[in-house]
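*Asks:* Residue numbers (full-length UniProt numbering), protein chains in the order written: chain A, 1 to 312; chain B, 1 to 312; chain C, 1 to 312; chain D, 1 to 312; chain E, 1 to 312; chain F, 1 to 312.
Calculated from the structure, these hints are not laboratory results. There may be inaccurate statements among the hints.
Heads up, the list lumps identical chains together, so a pair's fine if it works in one copy or across two of them.
[As the list claims (entries may be wrong)] Derived lysine to aspartate or glutamate pairs resembling EDC-like cross-links, with alpha carbons at most 20 Å apart:
| no. | residue 1 | residue 2 |
| --- | --- | --- |
| 1 | LYS136 | GLU108 |
| 2 | LYS212 | GLU253 |
| 3 | LYS25 | GLU295 |
| 4 | LYS95 | ASP41 |
| 5 | LYS251 | ASP301 |
| 6 | LYS107 | ASP15 |
| 7 | LYS49 | ASP75 |
| 8 | LYS42 | GLU93 |
| 9 | LYS42 | ASP282 |
| 10 | LYS136 | GLU226 |
| 11 | LYS125 | GLU210 |
| 12 | LYS3 | ASP98 |
| 13 | LYS251 | GLU167 |
| 14 | LYS307 | GLU234 |
| 15 | LYS32 | GLU12 |
| 16 | LYS25 | GLU47 |
| 17 | LYS107 | GLU236 |
| 18 | LYS32 | ASP75 |
| 19 | LYS107 | ASP41 |
| 20 | LYS42 | GLU108 |
| 21 | LYS307 | GLU236 |
| 22 | LYS89 | GLU234 |
| 23 | LYS107 | GLU167 |
| 24 | LYS212 | ASP301 |
| 25 | LYS24 | GLU112 |
| 26 | LYS212 | GLU234 |
| 27 | LYS277 | GLU56 |
| 28 | LYS212 | GLU236 |
| 29 | LYS307 | GLU295 |
There are 6 protein chains.
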Amino acid sequence: MKKGIGQHQIGETVDLYLLIKYAKKGIASNGKPFLTLHFTDKTGEIEAKMWGITPEDEAKYISGTVTQVSGDIQDFRGNRQLRLKTIRKPDKEMKAEDFMPSAPMAKEIMLEQVNQYLFEMSNAKIQRITRHLFKKHQQAFSVSPAATKNHHEYVSGLLYHVLSMLELARGIADQYVSLNRDLLYAGVILHDMAKVRELSGPMGTQYTLEGKLLGHISIMVSEVDEASKELGIEGEEVLVLQHMILSHHSKGEWGSPKPPMVKEAEILHMIDNIDAKMNMMDRALDRTQPGEFSERIFAMDQRSFYKPIFID
Amino acid sequence: MKKGIGQHQIGETVDLYLLIKYAKKGIASNGKPFLTLHFTDKTGEIEAKMWGITPEDEAKYISGTVTQVSGDIQDFRGNRQLRLKTIRKPDKEMKAEDFMPSAPMAKEIMLEQVNQYLFEMSNAKIQRITRHLFKKHQQAFSVSPAATKNHHEYVSGLLYHVLSMLELARGIADQYVSLNRDLLYAGVILHDMAKVRELSGPMGTQYTLEGKLLGHISIMVSEVDEASKELGIEGEEVLVLQHMILSHHSKGEWGSPKPPMVKEAEILHMIDNIDAKMNMMDRALDRTQPGEFSERIFAMDQRSFYKPIFID
Amino acid sequence: MKKGIGQHQIGETVDLYLLIKYAKKGIASNGKPFLTLHFTDKTGEIEAKMWGITPEDEAKYISGTVTQVSGDIQDFRGNRQLRLKTIRKPDKEMKAEDFMPSAPMAKEIMLEQVNQYLFEMSNAKIQRITRHLFKKHQQAFSVSPAATKNHHEYVSGLLYHVLSMLELARGIADQYVSLNRDLLYAGVILHDMAKVRELSGPMGTQYTLEGKLLGHISIMVSEVDEASKELGIEGEEVLVLQHMILSHHSKGEWGSPKPPMVKEAEILHMIDNIDAKMNMMDRALDRTQPGEFSERIFAMDQRSFYKPIFID
Amino acid sequence: MKKGIGQHQIGETVDLYLLIKYAKKGIASNGKPFLTLHFTDKTGEIEAKMWGITPEDEAKYISGTVTQVSGDIQDFRGNRQLRLKTIRKPDKEMKAEDFMPSAPMAKEIMLEQVNQYLFEMSNAKIQRITRHLFKKHQQAFSVSPAATKNHHEYVSGLLYHVLSMLELARGIADQYVSLNRDLLYAGVILHDMAKVRELSGPMGTQYTLEGKLLGHISIMVSEVDEASKELGIEGEEVLVLQHMILSHHSKGEWGSPKPPMVKEAEILHMIDNIDAKMNMMDRALDRTQPGEFSERIFAMDQRSFYKPIFID
Amino acid sequence: MKKGIGQHQIGETVDLYLLIKYAKKGIASNGKPFLTLHFTDKTGEIEAKMWGITPEDEAKYISGTVTQVSGDIQDFRGNRQLRLKTIRKPDKEMKAEDFMPSAPMAKEIMLEQVNQYLFEMSNAKIQRITRHLFKKHQQAFSVSPAATKNHHEYVSGLLYHVLSMLELARGIADQYVSLNRDLLYAGVILHDMAKVRELSGPMGTQYTLEGKLLGHISIMVSEVDEASKELGIEGEEVLVLQHMILSHHSKGEWGSPKPPMVKEAEILHMIDNIDAKMNMMDRALDRTQPGEFSERIFAMDQRSFYKPIFID
Amino acid sequence: MKKGIGQHQIGETVDLYLLIKYAKKGIASNGKPFLTLHFTDKTGEIEAKMWGITPEDEAKYISGTVTQVSGDIQDFRGNRQLRLKTIRKPDKEMKAEDFMPSAPMAKEIMLEQVNQYLFEMSNAKIQRITRHLFKKHQQAFSVSPAATKNHHEYVSGLLYHVLSMLELARGIADQYVSLNRDLLYAGVILHDMAKVRELSGPMGTQYTLEGKLLGHISIMVSEVDEASKELGIEGEEVLVLQHMILSHHSKGEWGSPKPPMVKEAEILHMIDNIDAKMNMMDRALDRTQPGEFSERIFAMDQRSFYKPIFID
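Isolated chain A (complex conformation):
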């Protein structure tokens, strides 16, 4: 099978179909306009500059366009960059969806597995609220990325992140028997659900206005409030679920107005952390040769990770 853009090394020449994820016009130091293009396919991403553009180019090569591109992969300040030789619209119609990176599992299978966790819950109030909200947002939830960048920022990334956390939750609850599985599973399923409102969706993902002014945590706390009223559910379960969502970033400076004050809320935060960090480290190390350090990971204090030689 033909290699994708993420699999080519510096020095190689490529000729590929690529989707334009972002396109931004700039002015070069010689005063001429150019485009900065972020290309993507299922295997990865690359940036390119298109020099000396015409107004037609600017109108033609916009976000969401599939293009046929050739060029060389070069090193630019430690990152790969594509030096464009040719770019054109392909002869045949091609779907943007087929070029967007996505989770390594089919969304139908993932939805099915999350449903299994819902099914296992024994507290009816927690189960009903969680299932209600899961159904309500299921469509957007099943394709949303988990973030605009850093981790799980691809189609169905949110669902994949949640499923991975559910598996961690099960393992930890098996080991520490005092943990309440219902709370933990519900917390995992709901904690980031309002990302479907905070983010604009899988293509050209941006923050929405309510995402910026309220954030997914506050939005989701209101959603649980509303859902419980709609379902006629009262009691501490509603409050504790809201608290788990509210506190899952753990600290005020990270966006949680209250720190975890329920045991399962503390564990939810830690599971979230492990899955996000594993995702970031794995991606950075996939692009690193044994005996080398990875690129710096912004969301992990700009750390760079070493890939030992003895781990083949």
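Chain A is fixed; fit chains B, C, D, E and F onto it per the hints.
*Replies:* Chains B, C, D, E and F alone, transformed into the frame defined by chain A:
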């Protein structure tokens, strides 16, 4: 008129009716039980120890009881303390309410004045949401303290704080004409409204469970959401009002998951600050002689304020 | 009336008289010299690059020169930039002063109004010290900017800032009757007065050596000391005025070696904050369309402010 | 079976054999000497004051002594305190060991299980170094607490903590297949091993001099260096193992001179965190009634945890 | 020679003439008044409680009184405390000065040595300003402590600290020839000189009002301003001297509104640090046995220092 | 004698033999490859760009090559930059060593002087360990830089730094007689010794893998452990020496897992600081004209230092 407990100096002997605000049993270093009593009347508060108590004393002198008390006011580590001589239940029935410190204005007048600000609003959406919530919580709102300690921690303290902020808001909006009065007034009226759910009320004020796990900011954001749905109001006004409430503590580490990102939200935070600080400084300086420093104010970085002699 | 440089949008072509505020020579990546020019007129500022310059150009287009300029306004990394087509010295003599942005009120009127506040003071010591220093620095004070950037950085910006704070002070003192008006007004008038020594004046504003090594706070504390000795004034008033100046940045890390320890000093800090922030937010939002976020404001934690659509 | 000291409530009268864990002489405010005694048995701990002591009492009731004690359990500033009625040496010889709290598993079984993890390792260098050090310190390791306070501070606490972490490690490595099991297991087994040198052992646990001046992290890095030289092992494995130990506290301010820069080191830190926090939360919540908040947990930012009512 | 109070160990009985440094009345838990007395002589300090006092005792045993005292030295929470047996006024008149701890050198010798450094200066402006201020404050300077606590808090402590720093300065200037000796010596002599105004003098040392509201740094900057005007000295020397004083605490949060921006200012800060820390460590370690840790030193991050056994 | 590269001013034309310290290929904004070259000789360093390079150029002009270069010195964003006119390999063979900046003393003399300090030690254990390690690493130690940048980053920079610190140590120990000279001298000699393992040596200095993963502090602590075992030395001296090395960066966030807890360790940290800062300030000020501010010094909080005019 007879002086109240807050008006007596160290060295004076008192004989007064006082309300027990808190009562807590302890064990002295000689192994005998004693009570720590916080007495209050309209003019202030004082602590006393009741040594060598009987089980009957413990049952009799509980929070909410009006007592007749005599003793001397002494200095204890820089604070006034009452050295009890006699304590007994008064012969006649006396109402606890008559002994609780409260705002320096009648609540009916204050409610009327807040209504005036509501009346001045020109944006119908903002006005309807704010009025709806003001009516809904009016009863509790009119007696609630603004906090358990630090500032405006007395009967109707919340309402007094809001009214004082509304006056500041009007003055600032007169000066800076770009400010939107509706947003600013609505923000002031709503910002702390959920303290009626966060706190247990004016007597023996404590945090409620939802106060601890969610906090008044998150509770109020949900209330605005619910109110707007109930009233069938949609649009940016709802979102911006929620943002003003959400951001009024200004920083993550102070409890706001988002910083102010709307001009009126920033001003709301500053007005809140001025009124709270004026209240704390005035109270501390009322108890300070010219040429002396006040007691340290906990919520103002433990600062102590100097009262100049030339200001009589 | 013809539009000024601050009123032109990206994409427009301009032909204007503009003052060169700064000019700095650089070397392009092709090794050739160029000038970075900051042009200004009453309505705003813009940056431009002048490529391939000669030594004559370098000598001709210096800070303080009025020029006749044509070109296009372009977007450069999110900011407006002027792409120069032609530049030349105008045929007629033009005064730099006529092109410098300045306060929206005449300095004579503002001086008169500040005098009114001086006149209202009742404490003779405070009044005499404040008036003495106000007279001493009146000339520089009446044209000085309040800063090199961020807020009120234009001709008479300092005076405008002070007058605006005096109005805030009056409103707040009307509301909180325990505040001492003399102290508050004097604090406002004096707090930034030494900016006339810290900064080099309204044209091409830079920090002076004493500005860098001592700062306006320490300089002004010495000035009050000297003034009181010259006027033969002694007493706590001198000390408290010095303290108000010393503490008006509130915290050590913001440049105040002592935090406010007098009530009016605390309020002075807050008034200063409100007026500076209102100025920054208003300017940023003036350039923002409804429904958009403003540029980031450096001195407000890099925050960007949203301009609601419903506020026309 | 008779209840232990940890199972008695405030208000109950007890008559028990208890071990003196600490004994410290003080001077009461009446000038007379007294002893502060920390009593313990398998079920918990309690503090008591012994008033009006003689020099004989002081010599008799020292750390490590088993005593027969009667008294009442009282509340002292929110903590349980024992009000002593009688205390004497028991008639029969009793072993201190039988009164010390210890891990809930037999040390022989735990050692056997750790051996199983060692056996599963496939990298011979990592396995040999880890086994060598495990054998070297096995005796002390099998009884050492993991800390002087906060978590796992009981006999065999260190071994129990390590075994619990190994189980977590296995679960996480099952889920994230890119993790190297050998490194992770070795990191878990070695990370706190030098606590056998940092702490003085299970009875009256204190920091040793080398514990204070170097700390268990630095000591253990030297031990791995020495072990590898002794075994003639060279290569990156030695270095990476040392790095895992060095970085397991994650940040400089928490005692790690280098942050994790190898994926397994990051995960080691997170597993350590989860197990320590679960231990602290479980212990605090075991002493908490449903519907109440636990005592504050010092090492978790002084947080107090709520025990929901719906979790029976 | 008879041992002083600082030389007696816990357990010893003493009969000594001692000066009362502070006396403070309190109320015991039995409701009776008592005095807390801080006694001092040349060799050290000790605290005592005087129980069951009369109003006559309170009037008699005040700060500044020399007394004849007998009692036992006991341990109170890790510190020595005197258990009073008898206390009375001595028969003969005794001077308080003879009982106050003071610098280990005669002030006349120290003044002479500082003069020597003044004499060595070659820049006439720096020399004249420094000498002028040194003469002006010489009397108070020669007896002032350097602080109320922490380091050099005894009679002539300020002068001793300055002389010690001058010696360090000479050594460092000998080694780094680029340093300007005049600036460095002048900076050392002037940096803390305004402590003679910030503190109330050697007996019962407290902060003065100007000490609290302005601090010694700001006071001294004004003094240099005034001195240079009086002497008719102008030029950069004045400014740089002021900067050295202003910046000698190095950071805003430590009280310096500007950080050092002149090389000698940076070195001044470091010399100040070394001398203060040596003084604190030496005093703490003088009271520590080899093989033990010292008490915690508050101003050095609460650290405790180990006294190695091999250093006899 | 002909001027070196460090002695030429902006605007001058040069023709010099220069060593290439680093060479890095980049891609210009026009898409063409270029080299960034860091040239050095004994007198200083300069950066240059070589445009439009061929693959042959890339292979020829690598790190460690001596070249003959001509060009102009220009200003580039406040730093000097060389505009290359010609570059070629010299006709005759030239040694890289002759072009590398190095300490201002011959290494043989410095080694001899350090030996003198070793000779003066009286504690045999400290002396033997220190001498053993000094001999072991003498060769690398005598040429190693002290850092990759910031201070003493030249051939023999480490040895020069150590010798300078030894002289400071002697002066301070002369003044404060309670300091133990053996500990202090040994601490100075050993504290940075493992930089010979942390850094790759004097040419093209980089961090080694063990430098990155462990750091010189941890490496050296292990080396002292090993040395003492090899020499059969036991006792507190070993532990205290290890502690001095461990704590010499003073704080966790600066890389020391333990703060100084021995007096000589605290002084070691301060001496290290003085010498490093003097080196940084002197270098920055050597390139600064009187009456100007130096470039910003990265490792001193980005401060810029003023060079007074009156210091000629």
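*Asks:* Could you run down the list of hints and mark each one as holding or not?
*Replies:* Results for each hint:
| no. | hint | in the structure |
| --- | --- | --- |
| 1 | LYS136 to GLU108 | within (16 Å within a copy, 45 Å between copies) |
| 2 | LYS212 to GLU253 | both (16 Å within a copy, 18 Å between copies) |
| 3 | LYS25 to GLU295 | between (27 Å within a copy, 18 Å between copies) |
| 4 | LYS95 to ASP41 | within (11 Å within a copy, 51 Å between copies) |
| 5 | LYS251 to ASP301 | both (16 Å within a copy, 11 Å between copies) |
| 6 | LYS107 to ASP15 | neither (30 Å within a copy, 58 Å between copies) |
| 7 | LYS49 to ASP75 | both (13 Å within a copy, 17 Å between copies) |
| 8 | LYS42 to GLU93 | within (18 Å within a copy, 54 Å between copies) |
| 9 | LYS42 to ASP282 | within (17 Å within a copy, 45 Å between copies) |
| 10 | LYS136 to GLU226 | both (12 Å within a copy, 18 Å between copies) |
| 11 | LYS125 to GLU210 | between (28 Å within a copy, 18 Å between copies) |
| 12 | LYS3 to ASP98 | within (15 Å within a copy, 50 Å between copies) |
| 13 | LYS251 to GLU167 | neither (25 Å within a copy, 28 Å between copies) |
| 14 | LYS307 to GLU234 | between (51 Å within a copy, 18 Å between copies) |
| 15 | LYS32 to GLU12 | between (28 Å within a copy, 16 Å between copies) |
| 16 | LYS25 to GLU47 | both (13 Å within a copy, 19 Å between copies) |
| 17 | LYS107 to GLU236 | neither (33 Å within a copy, 33 Å between copies) |
| 18 | LYS32 to ASP75 | between (23 Å within a copy, 12 Å between copies) |
| 19 | LYS107 to ASP41 | within (18 Å within a copy, 55 Å between copies) |
| 20 | LYS42 to GLU108 | within (19 Å within a copy, 52 Å between copies) |
| 21 | LYS307 to GLU236 | between (47 Å within a copy, 11 Å between copies) |
| 22 | LYS89 to GLU234 | neither (57 Å within a copy, 42 Å between copies) |
| 23 | LYS107 to GLU167 | within (16 Å within a copy, 31 Å between copies) |
| 24 | LYS212 to ASP301 | between (23 Å within a copy, 16 Å between copies) |
| 25 | LYS24 to GLU112 | neither (39 Å within a copy, 52 Å between copies) |
| 26 | LYS212 to GLU234 | between (30 Å within a copy, 18 Å between copies) |
| 27 | LYS277 to GLU56 | neither (42 Å within a copy, 43 Å between copies) |
| 28 | LYS212 to GLU236 | between (30 Å within a copy, 13 Å between copies) |
| 29 | LYS307 to GLU295 | within (11 Å within a copy, 38 Å between copies) |
When held up to the earlier numbered hints, the structure conflicts with 6, 13, 17, 22, 25 and 27 and fits the remainder.
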